[in-house]
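Trainee: Going by the numbering used here, the sequence shown runs without a break in its numbering and finishes at 360.
None of these hints come from the bench; they were simulated from the model. Model, not experiment: these values are computed from the prediction. Don't take every hint at face value.
Restraint-style ranges between C-beta atoms, simulated for each label pair [claimed, not checked]:
(1) 139 - 344: 32 to 38 Å
(2) 288 - 310: 40 to 46 Å
(3) 191 - 310: 42 to 48 Å
(4) 139 - 280: 50 to 56 Å
(5) 199 - 67: 22 to 28 Å
(6) 189 - 229: 51 to 57 Å
(7) 71 - 91: 20 to 26 Å
(8) 164 - 91: 27 to 33 Å
(9) 35 - 309: 22 to 28 Å
(10) 26 - 191: 21 to 27 Å
(11) 111 - 297: 56 to 62 Å
Backbone N, C-alpha and C fix where the C-beta goes; we use that ideal spot for every residue, glycine too.
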Amino acid sequence: MVLLCVLSAVLGGGLARPDVEFQVYQFPKDQIPRIDGNSNDWSIVPASFAIGSDQLRETVNDTKHHDSKDLEVTVKVGWVKGLNRLYFLYEAYDDYWDFEHKDLHNDIFEVVVDGDLSGGPLIRYMHPNESLRNGMRGHLLFHGVHAQNYHIFTPARHKDWAMVWGCQPWIKDLPYANAAYHYDFEPGESGKLTLEFYITPFDYAPADPSRAVATELREDQRIGLSWAILDYDDRDESKYDGFWNLSHETTMYGDASQLVAFRLMPLEEKLRPAVQASWSFVITDFARRQVAFRDQSYGNIQKWHWDFGDGTTSDERHPHHQYTRGGEFVVTLSVEGPEGTDQRTKVWDVTLP
């Protein structure tokens, strides 16, 4: 597990455990985890990214010491650049798996995410306006809209894999989420469970998915994230035996300011070439056929050469180019540095009137 100790004033930003920052592993685009309940896809993730039971605190029943013979969990979190998804691998041993009820009486992995660090209460019962804490108005306008809470059943039997505590149950379905389990025990037995899933964090997640705004995940971005394990140990007992949470704050379930900082890490250097050409563009004036090109290459780049596909070129890093005619253009960026060369061509992406 990777912990970065930094100044509270710099990192805290209203989050819990301000002296701690966890890391989210970046998967290469050709090694995206397959959601099948098999942990093999995660073998490339260094052990330093694993977050274990030693980082959890029981905050409801005031249990002082963690017993690994009762419950032991390990969580890894990943992401893929270009996809607004958070991938999770949850591996747990429990001496008593409780999952035969149809309701919330179930061993649960509760996950809360705040993709844009907006902070503050996220469930209607904590709404700053007391008049909106009950009833459908507060539910539809507020509950889970700016940060989301997932009650993930571990495992789920004859019911959905999760309960979304908010007005947006659609976020637990494809294409926004997916989950798979692997286990070989029955209710009341002990054993190991592997849960693999992904979720999509939202800056705005109303009841109507057509109005939703997903969080745009970017490299080196910090997000708010935390989880709690609700451990039931008796099918006839209405209350869970343990509430082990990463935030160390019981009410993290409904307050995004009590989540923990996670940073979206860059791709490991060993998984990418030393020099990699990449670029983007924006048409700044259609009528005048003006295009702004931007180099996004990776590595120690010292030379750039653009072929705009119209017979003209440029050696600027971020050129602005005006085409004299319309058409579909094949544009190539060639880059060079001490560690090698590369080029990237886009065919007809630049199309002008």
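Trainee: Does the Cβ distance between residue 71 and residue 91 fall inside 20 to 26 Å?
Mentor: 40 Å, violated
Trainee: Is 32 to 38 Å a correct range for the gap between the Cβ atoms of residue 139 and residue 344?
Mentor: 57 Å, violated
Trainee: Given a hint of 21 to 27 Å, does the C-beta separation of residue 26 and residue 191 actually sit inside it?
Mentor: 40 Å, violated
Trainee: Taking 42 to 48 Å as the hint, is the beta-carbon distance of residue 191 and residue 310 inside that range?
Mentor: 58 Å, violated
Trainee: Quick check on a hinted range of 56 to 62 Å for residue 111 and residue 297, using CB atoms only.
Mentor: Cβ of residue 111 to Cβ of residue 297: about 58 Å, so the range 56 to 62 Å holds.
Trainee: Take the C-beta atom of residue 199 and the C-beta atom of residue 67, compute their distance, and say whether it sits inside 22 to 28 Å.
Mentor: 25 Å Cβ-Cβ, so the 22 to 28 Å window holds.
Trainee: Would you say the C-beta atoms of residue 164 and residue 91 sit inside 27 to 33 Å of each other?
Mentor: 30 Å, holds
Trainee: At the C-beta level, are residue 139 and residue 280 separated by a distance inside 50 to 56 Å?
Mentor: 53 Å, holds
Trainee: Is the hinted range of 22 to 28 Å satisfied by the C-beta distance from residue 35 to residue 309?
Mentor: With Cβ atoms ~26 Å apart, the hint holds.
Trainee: Given the hint of 40 to 46 Å, is the C-beta distance from residue 288 to residue 310 inside that range or not?
Mentor: Between residue 288 and residue 310, where Cβ atoms are some 20 Å apart, the hint is violated.
Trainee: Do the beta carbons of residue 189 and residue 229 sit within 51 to 57 Å of each other?
Mentor: This hint is violated: roughly 32 Å between Cβ atoms.
Going through the hint list in order, the structure does not satisfy hints 1, 2, 3, 6, 7 and 10.
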